[in-house]
Every structure is written in C-alpha cells, then in structure tokens.
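Trainee: Residues per chain are reported as follows:
Number of protein chains: 2
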Amino acid sequence: MPGAVKMPFLILAVDIGGTSFRLALADERGRILRRGSGPTRPEEGPERLLRRIKTKVEGLLIDSGTRAMVKGVGVGAAGPLDLESGMLLHPPNLPGWHHVPLKSMLEESLGFPVWLRNDVDLGALGEHRFGAGRGFQQLIYLALGTGIGGGVILGGQLLSGTRVSAMEAGHMVVSPGGPRCNCGREGCLEALASGTAIARRAAERLSQGERSQMLEMVNGKVERITAELVARAAREGDALARQVLQEAGEWLGIGVVNLILLFDPELVIVGGGVIGAGDFLLEPVRQAVKRWVVPYFEREVPVVRSRLGGDSNLVGAVALALDEISATTS
Amino acid sequence: MPGAVKMPFLILAVDIGGTSFRLALADERGRILRRGSGPTRPEEGPERLLRRIKTKVEGLLIDSGTRAMVKGVGVGAAGPLDLESGMLLHPPNLPGWHHVPLKSMLEESLGFPVWLRNDVDLGALGEHRFGAGRGFQQLIYLALGTGIGGGVILGGQLLSGTRVSAMEAGHMVVSPGGPRCNCGREGCLEALASGTAIARRAAERLSQGERSQMLEMVNGKVERITAELVARAAREGDALARQVLQEAGEWLGIGVVNLILLFDPELVIVGGGVIGAGDFLLEPVRQAVKRWVVPYFEREVPVVRSRLGGDSNLVGAVALALDEISATTS
Chain A
1 MPGAVKMPFL
11 ILAVDIGGTS
21 FRLALADERG
31 RILRRGSGPT
41 RPEEGPERLL
51 RRIKTKVEGL
61 LIDSGTRAMV
71 KGVGVGAAGP
81 LDLESGMLLH
91 PPNLPGWHHV
101 PLKSMLEESL
111 GFPVWLRNDV
121 DLGALGEHRF
131 GAGRGFQQLI
141 YLALGTGIGG
151 GVILGGQLLS
161 GTRVSAMEAG
171 HMVVSPGGPR
181 CNCGREGCLE
191 ALASGTAIAR
201 RAAERLSQGE
211 RSQMLEMVNG
221 KVERITAELV
231 ARAAREGDAL
241 ARQVLQEAGE
251 WLGIGVVNLI
261 LLFDPELVIV
271 GGGVIGAGDF
281 LLEPVRQAVK
291 RWVVPYFERE
301 VPVVRSRLGG
311 DSNLVGAVAL
321 ALDEISATTS
Chain B
1 MPGAVKMPFL
11 ILAVDIGGTS
21 FRLALADERG
31 RILRRGSGPT
41 RPEEGPERLL
51 RRIKTKVEGL
61 LIDSGTRAMV
71 KGVGVGAAGP
81 LDLESGMLLH
91 PPNLPGWHHV
101 PLKSMLEESL
111 GFPVWLRNDV
121 DLGALGEHRF
131 GAGRGFQQLI
141 YLALGTGIGG
151 GVILGGQLLS
161 GTRVSAMEAG
171 HMVVSPGGPR
181 CNCGREGCLE
191 ALASGTAIAR
201 RAAERLSQGE
211 RSQMLEMVNG
221 KVERITAELV
231 ARAAREGDAL
241 ARQVLQEAGE
251 WLGIGVVNLI
261 LLFDPELVIV
271 GGGVIGAGDF
281 LLEPVRQAVK
291 RWVVPYFERE
301 VPVVRSRLGG
311 DSNLVGAVAL
321 ALDEISATTS
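Heads up: the sequence lines are chains A and B, in that order.
If you read the first sequence in this note's numbering, its first letter stands for residue 1, the second for the next number, and so on.
If you read the second sequence in this note's numbering, its first letter stands for residue 1, the second for the next number, and so on.
Keep in mind the hints are simulated off the structure, nothing from the lab.
Heads up, a few of these hints could be off.
What the hints assert, rightly or not - Estimated spans, in silico, between C-beta atoms of each pair:
#, chain 1, residue 1, chain 2, residue 2, range
1, B, Q287, A, Q208, 35 to 41 Å
2, A, G156, B, P92, 28 to 34 Å
3, B, V222, A, G177, 27 to 33 Å
As the list claims (entries may be wrong) - Some chain B residues flagged as far from chain A (calculated, every beta-carbon gap over 10 Å):
#, residue
4, R22
5, E43
6, R51
7, G59
8, P101
9, E204
10, A327
Note that the coordinates shown come from a computational prediction; the quantities given were computed from them, not determined experimentally.
All C-beta atoms, glycine included, are put in the ideal place defined by N, C-alpha and C.
This is chain A alone, in the form it adopts within the complex:
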C-alpha cells in the first residue's frame, strides 16, 4: 500500500490593530482565499472583541467541511507580548488592556490551536516567506505607520528574544534631546521618521508660514495633514513635502545603518502605511547605507519596499501557523 495521502488544509489568520482587526482564510501556500474585518474598539474590552472575531470567523467557515480543514490560527498584535504565556502585556494601541491572555482566550473561543506573535515580527515573516524577502536568509523588516516597528529574520527564522517580543526598533534613540516620543523619551527613531512624525513636521512648517500645495489639500487646516497626504503632495511635485520626507528619510537612514551594523542583514525591507512615499523616503536611506555601511562591510545592502503591502502582517500570521504545524507534524 502506498503512503498515506497528505490532506490539504487551511489556516486562519488574525491581525489585531488599534482601530480594526482583519481576518484571512488561507491555503498551505500562503494564498488568501477569503477575508474579513471589523472594528477593534479597545474601550469595550477583550471579551467583546473576541466575540466579534468569533462571529466573523464563523462567517468565513460557513461551508460545511471548511471548518474541519482548518489546522490552526496565526495571530498578530502590537507588542509588548509575553510569548511564553501568550499574553498581551500593555499594548499602547489597546489602551486599558493589561495582561490579557489572548492566546488561551482565542483558543477557547475559536476551538483551534492559536499561535501569537508581535504583528511586525509577522510582517517580517510574511515578507520573508511570500514577499520581497523570498530566498534571503537574513533580513530586517521595518513597518512605518503611526509608530515604527521592526522584525528580524536570521538564518531563515524569526529572531526570538527571551520573553517579550524583541526588536523595538522604533524606540532606538538616535537623537537625544530630539522630539518627544509617545514612550516618554526624547529622540526615538519613531519620533523622527514615523507617519506621525512626518505629519507633525509638515504641519509645523506650514504653521511657520512655508508655502506648499498641502495647505490647499487640507483647506488650510494643518491639523488634518497625514503622512499619506505628504506622500501624495511629494509625488505631485510639492517641494516642502519632498523636503519633509527627505529629512525623515535621513533619520530613518541612521536607524537603518544602526540596525545593519548590529544584525548584518542581506536585505532591508520597508513597509507599513507610510511606504506610499516610496523613493522620497527610501532614497536618503539608501544614501546613508552607501555612505556608512558599504565601505565597512564591503558589500551593498539593498533597501526595498515591501511586496505584500497592507497584507504583510496577515500573510505572516499564516506563515507562523504553517511553521508551527510543520514543526509538530514533521
């Protein structure tokens, strides 16, 4: 008799952000077959969120037979996490949540094995397995959005820390005495190169009377400036928008150079909501690498855009579950 036929199976992925959660049902090759989403509403507490997630999951599994094919759930959430216990410690994007045992709560609610990681770690894993980092063994992934997060792949695997999720790259201090960060310190990378920082810097310069089409784009209301809007203005030729992105890119360049000197990656991938700024942001980073890393390491380290875009974390959650399943069945 021949060996047992390997049955195809499915993976669920959940990405929990500060304002919304996203779901995916994916196959063994990381392809997303169905999607779902809903609001997070952190003020209502974890139990209600879990109920909303469960309802959406049931919607994805409505066909008879699909549920039986699901082997587990990969879940991403903002750190810091206690990986051993599967607990959210005090995620800044879920205010009021403290020590929520998310892994066990989700396992009980959904009835599948659950694997939990920092969302940006999952972004790194997603890009490594199915995106811009395919075929590389060592890479750094940075997600630029409201904040800055980072993930590291070394030897083809996510770098794992002792207890909490590692690589809080956004809170690397690159300019002591610089602008104040949400973490309370001054001069964190996140306070200089995140989407929040880009929007704030553009608003500051407009308030000082500098001219730019951005002002018309928000009808004179500078508080409505977002990093996405700065990126759009830059693409349309606005000089001030380009300068703001250039400056943010130079700070990001210092952060990226520091990370390369510490982790010695083959590739740096930049993703997250701000990456629409493209080369206006990445070219200064490449210049910094060319100037400070290449002469020292005697080789190029490319800095590229993420390929999965908004799906990096979700696809990474699929990859996490696939890894865990393959580790237990092989």
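Starting from the known structure of chain A, fit chain B onto it as the hints suggest.
Mentor: Just chain B now, with coordinates in the frame of chain A:
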C-alpha cells in the same frame, strides 16, 4: 566490551590585538594551563606575526605528547572579518592589512584546525560559557577599550550574521552631530563612551581650567590622561573624574537601552580595559535601564561587570574551538 574511553584533549587559543597577541593552552573545561604573548607589530605584515605566533606555540607545546593532545585552535581578531573564508577584511587596529586569509595561513603554519571569530564575539562566548553569563540563554556583552565592541548570545549561541561579524555596537549612532568617531561619522557610541572618549573628555575639561587631582597625576601633561587614570582618580574621590565617567555612563546607558530593546537579553555584561571604572560608569547605565526598559518589558535586566576580565576573549576562543570540535564529533 565497554565503549571507547574518551581521551582528554587540549585547545590552543590566540587573541590578536593591535599591539600584542596572547596565547593560551587550555583543557576541555576552559581552564588555561599555560600562557604566552608577544608583540603584534602590524607594520611588519602578517607573515612575520605568524612566525612569532608559531614560535610561541611551539614553546607551549614543548613537552612531548602535548602536541598530540591538541585538537584545534580558536582565534580572535578585531573585525570586520569574512567568516566564511576566514579572512580579515581591513581591521582598523591592524593598519595596512587588507584581505588577509588568517584562518588558512594559521592552519598551514600551526598544523591544526583553526576557527576564527571577531574578538568581542569571543568575549561574549567566553563570559557565557565560563564567566558572568553562565546559565543565561540570552545576553549582550560590551567591551569598552580604545573602541566599543559588542557580542550577542541568543538561545545559548553566538548570533551569527550573513558574512561579516555582526554587532558593531560601537558604531551605533546615538548623537548625530556629536563628537567625530574614528569611523568618520559623528556621534557614534564609541565616540562618547569608549576609553578614548573618556580620556579625551577629561583632557578637554582640564584644558578648560577645571580643577582635578588628575592634573597632578600626569604632571600637568593632559595628553597623558587615559581612561584608566580617570577611573583611578574617580575611585580616589576626584569630582571631575566622576563627572566624566557619569556622562560617559549616561551615553553608554542610551546604547545599552537601544541594544536591550533590539535583542531583549536577560543580562548585559560590560568588560574591556575601561571596566576598572566600575560603578562610576555602570550605575548611570543601570539608571537608564531602570527608567526606560523596566516599565516597558516589566522586568529587570541586570548590568554587570565581566568576570573573566582581560581573559574574556582568550577563554572565548577556547569555547569556540570546543563548540566546533563537539559539533563535528557528536
């Protein structure tokens, strides 16, 4: 018949610095049985240095029978190294040396298998196996001397990068626009908290007319100030010396906090020639960790002195060889 008796064996260790090299003959438990040393004289080139090392090694192996017990040689040298080919790329402390195939040259010269790593990586490995880091799975080791180097142990193993030695912690930029570093950039950690930086800062402040017993200690010749002398003056109660170490310690604290946020270690070990400054340097680092890491990770990360002192690198070279031998025989 019972299993074959496991024969005891010996390891040679070589630590190549910019001014001198050091040798050790050690047993399987990392204990140094015999020592040797000699001048490096980089201007004479690698061939002559290798001849001097060979002569000293022969001196250590003079007993008949000892040579037959040696299973290999662990070697440390300053980076950047190409680990795959065992080549020194362009070590700043060996000026004029470019692309020296040290591993193969030593193997040919000494007639034993040779394993080569960055000297500070070996310091980390030495402290992990036989020093202050025993029993920890994740730690960072920083060596403060002329420059600042760092090594990382994760999961009980040295972090390995793609090609060159990783963790150039001294060139992490923590103060753009700060003092110029030997690497050409401004504001590297090394330019603010190394032995060189401490001596320079003390000399600057003395030249500006500040009072201190350090001036008498060098007979008014401020160019003779060393970090060791600043440390001694601090221990003897000198206020300026203590201030200089406090400032250097605060910068070191920023670097250590950044490293903890990136690598999430259980322990930070500080060693190298400057560590005689002890708590005058380490207390500001501990304060920085208490202020910026503990609330975030919700646990303490101790910052301690190295236990092997000047032998960290040499003992680490022994540990490297032991690891490699155990990997091939098990």
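Trainee: Check each numbered hint against the structure and report the violated ones by number, ascending.
Mentor: none
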